[in-house]
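A.B. asks: Sequence order for the protein chains is A and B. Okay, so the first sequence: first residue is 1 according to the numbering used here, each after it adds one. Okay, so the second sequence: first residue is 1001 according to the numbering used here, each after it adds one.
Don't read these hints as lab results, they were simulated from the structure. One or more hints might be untrue.
Claimed, not checked - Partner residues aside, some chain A positions facing chain B, computed with beta carbon under 8 Å:
#1 Gly234
#2 Thr235
#3 Val236
#4 Gly241
#5 Val242
#6 Gln250
#7 Lys279
#8 Thr403
#9 Thr405
#10 Glu423
To be verified - Using C-beta positions, here's what the derived DEER-type ranges look like:
#11 Val1170/B / Gln112/A: 50 to 58 Å
#12 Pro144/A / Ile1158/B: 27 to 35 Å
#13 Leu259/A / Asn1246/B: 50 to 58 Å
#14 Gln1320/B / Glu171/A: 45 to 53 Å
#15 Leu1334/B / Ala424/A: 53 to 61 Å
#16 Ala1152/B / Lys165/A: 51 to 59 Å
#17 Val1170/B / Glu401/A: 45 to 53 Å
#18 Gly1027/B / Gly436/A: 41 to 49 Å
#19 Phe1326/B / Gln112/A: 18 to 26 Å
#20 Pro168/A / Phe1326/B: 23 to 31 Å
#21 Gln112/A / Leu1214/B: 27 to 35 Å
For each residue, glycine too, the CB sits at the ideal point set by N, CA and C.
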Amino acid sequence: MRFRKLGALAVGGALVVGACTQTPAASPGGSASASAGGSAAGSGAAGDTSKGTVKIAVELPLEGSELAASQPIINGIRLAVKEAGGAAGGYAVEVPESAVYDDAVNGAHDPQQGATNMQTIVQDPSIVAVIGPLNSSVASAQIPISNEAGLLQCSPANTNPDLTKGDPAKELRPNPDKNNYIRVVTTDDVQGPAAAQYIIDNLGKKSVFIIDDTETFGKGVADAFEAEFKERGGTVVGHEGVPKTTTDYQSILTAAAALKPESIYFGGVTATGGARILKAAVAAGLGDIPYVGPDGINDGSAETPDSFLNLAGDDAKNSYSTLAGIGDFPAKDEFDAAYEAEYGEQATGYAATGYACAQVVLDALRRAGEGGGGSDMAALREAVRAAGTDSSVSYDTILGEITFTPEGDTSQRIISIYAYDPEAKDWAFKEQVDFGAE
Amino acid sequence: MTAIATPASPASRRRPAWFLPVVSLGGVAAYYLLLRFVFGIGEGTALQQVANALSTGAIYALVALGYTMVYGIIELINFAHGDVFMVGAFVSLFFLVQVLGNTGLTAPITNLPVLLLLIGAALLVTMPLIGLLNVGIERFFYRPLRNAPRLAPLITAIGVSFILQNIALVIAGSGDESSPQIFPIRDWRLSIGEITIPYLSLFVFALAMVLMVLLQTFVGRTRLGRAMRSTAQDREAAALMGVDLNQTIALTFLLGGALAGAAGVVWGLTYGYVRSDLGFNAGLKAFTSAVLGGIGNITGAVLGGFIIGFVEVFATTLGQTRWSQFVVFVVLALVLVFRPAGILGQQVGERA
């Protein structure tokens, strides 16, 4: 069951797919002259692999419901590398199966496994950068290791603010002056508030019951949601922390029903109880109010095994989800077409952010290579890190033009809102909220 | 009262038969009044939470019986028992999916005779299968170690737990599997004024009570039950008196497994999902129930299961779910401070 092919997904499910803002030299399909990083094409000898071969590692959970979110990311990364001609800065670039690491244990991401993987990754000198992880809790276990090793790490999906901002972020880094971690999605201090804004302004609900899964991501996004909901004059009737090991959800939702909330917000992912809580809510008589969650429950259509919509079935009729990224882009059709041509299925979830991470890494490698690349692999790794985290560089990615703050956050602060479409049995894009650059 | 591990004590002889049921009913009433008037919980919510606690507690109690019986008879903490329960939940899930798929019935089933027939069939399939699984585990993993140092079977039990969990992982995958909720949990509700309580909670409670009374009767009134009790008291002496030890121990595992199978069926009906790591947490709670009630004591395991169900729901009702584990273990610690052998357990000297 774990490796069932992902089902065909309706167009509404083609989520964070951005436009291909590529130069003529780097059209989808990957001409031989294509180079990394969109606008970066042309400089340096494209396709030149005279300096040897380097690897980009991938670190994601590859089991259960999270495989549905991870596989499109891997596909997106490989598509970007292929379209760049498999080379950057004079190096041949590979993403071999042996450099794809799985941090899932018993069907769900595991921070300890993620840390173990990162220790293996930093010891391989041919790896110049790592893309991943999916989950913020895993990232906070990995950043101390990748930062100490000075390895560029780009996450296509981490949204917890503490990974980049303030004292918690500094404490994660043994070398706070040499940042190595960047991400192409925005943070939960925007994702949570976007949901709060949507519930109050668009759904017209003034009170909410909040449940989080007590994890780094889930509690973080739920707390940000709560603050914004109150800020906008809404009433938070209760906020429960419900760990994923909980067995009896019914009594929790019975208690919630007594407080007569007009909506429910869930901070967490499908693997930590998203669908179970919804089912218990419906059984407790809360089936007619909106059930809103973050990107953790936006993990594919009802056809995708173990996804939120798959498990929730008809109970999802009032479900909404947010995604920390751009859902709507004028030229996303080009990316969709290139992706479908390559993999025979529609791009979903974080496919485009995986692609964007690979573009950033390839561009960093190109600039590092042009700068001489360094005498050995260790020097190259450091050069890539410095190039990738340079906050003065603007990247022309598939998601549009982005820069990174010195802490590693993207300048793009856009959240997309999705609602369940019972016809397509899939998430349907509703609208996106742009919070503007910080 | 039937204490499987220890002889009936003078204390328990002093208590009349009605003592425990009356005290339990009183406890439930006090619990309701506490929620209702001390903590100001609404009438409907308080009643619904009592119903939730009854069904949660019934599942813990059914699983706890397996722990307590096995401990009573061979002094082994069978850590694999939670996973045996998980396998039971999966067997029930697959059976119901097959039946629904082949008959064109869809969950929930609103025809009462058909529903009862189907639940009965699920129990008839799951209970013997899981009982036999448990017997097989005893035969192949624990029996060869029966005279080994105590740690050997204990570690083996942990190993069996991992084996079962990983087999489930390979077969069923790692995510949640949706179990058909054939009992109409949303539509069939007992209405008292504005309050509605799902009949399912009451059904689960009643089913568990019936199974427990059957077990009590079996252990307390039959020849085989007497063999079990004598083996628990003194294995060598029982063997000398002509009790077939292997058969008696196998029977204990059969009964414990069958009850875990029943708990698995009930789990699927109540919660609608099964996953491979379910056994660990449910097992932990059930084991705690058995210790709380007095491990080795059948009545104690049932009592412990319900107490833990009620305590958990209590924390949840007050909006403090994250403290529920804390409260459960504080209650356990307090009980063990004053009654080290558990609520109904008897102090026994270490055997030679």
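A.B. asks: Taking 8 Å as the limit, does the beta-carbon of threonine 235/A come near enough to a beta-carbon in chain B?
C.D. replies: violated, 15 Å
A.B. asks: Can you let me know if the beta-carbon spacing of glycine 1027/B and glycine 436/A is within 41 to 49 Å?
C.D. replies: This hint is violated: roughly 59 Å between Cβ atoms.
A.B. asks: Should the interface hint for glycine 241/A be scored as holding, given a Cβ-Cβ cut-off of 8 Å against chain B?
C.D. replies: Holds. Min distance 4 Å.
A.B. asks: Look at the Cβ atoms of phenylalanine 1326/B and glutamine 112/A and judge whether their distance stays inside 18 to 26 Å.
C.D. replies: Given about 23 Å between the Cβ atoms, the range holds.
A.B. asks: Between alanine 1152/B and lysine 165/A, is the Cβ distance one that fits in 51 to 59 Å?
C.D. replies: holds, 52 Å
A.B. asks: Verify the interface restraint on valine 236/A: the C-beta must sit less than 8 Å from at least one C-beta of chain B.
C.D. replies: violated, 12 Å
A.B. asks: Against the range 50 to 58 Å, how does the distance between the Cβ atoms of leucine 259/A and asparagine 1246/B compare: consistent or not?
C.D. replies: Taking Cβ atoms as reference, leucine 259/A and asparagine 1246/B lie about 56 Å apart, which means the hint holds.
A.B. asks: Can the suggested window of 23 to 31 Å be confirmed for the beta-carbon pair proline 168/A and phenylalanine 1326/B?
C.D. replies: holds, 25 Å
A.B. asks: Checking hints one by one. Is glutamate 423/A an interface residue toward chain B, by the C-beta closer than 8 Å rule?
C.D. replies: With a closest approach of 20 Å, the glutamate 423/A hint is violated.
A.B. asks: Is 27 to 35 Å a correct range for the gap between the Cβ atoms of proline 144/A and isoleucine 1158/B?
C.D. replies: holds, 32 Å
A.B. asks: With 8 Å as the cut and Cβ atoms as the points, is valine 242/A at the interface with chain B?
C.D. replies: holds, 5 Å
A.B. asks: Kindly confirm whether 53 to 61 Å is satisfied by the beta carbon distance between leucine 1334/B and alanine 424/A.
C.D. replies: holds, 54 Å
Hints 1, 2, 3, 8, 9, 10, 11, 14, 18 and 21 from the earlier list are contradicted by this structure; the remaining hints agree with it.
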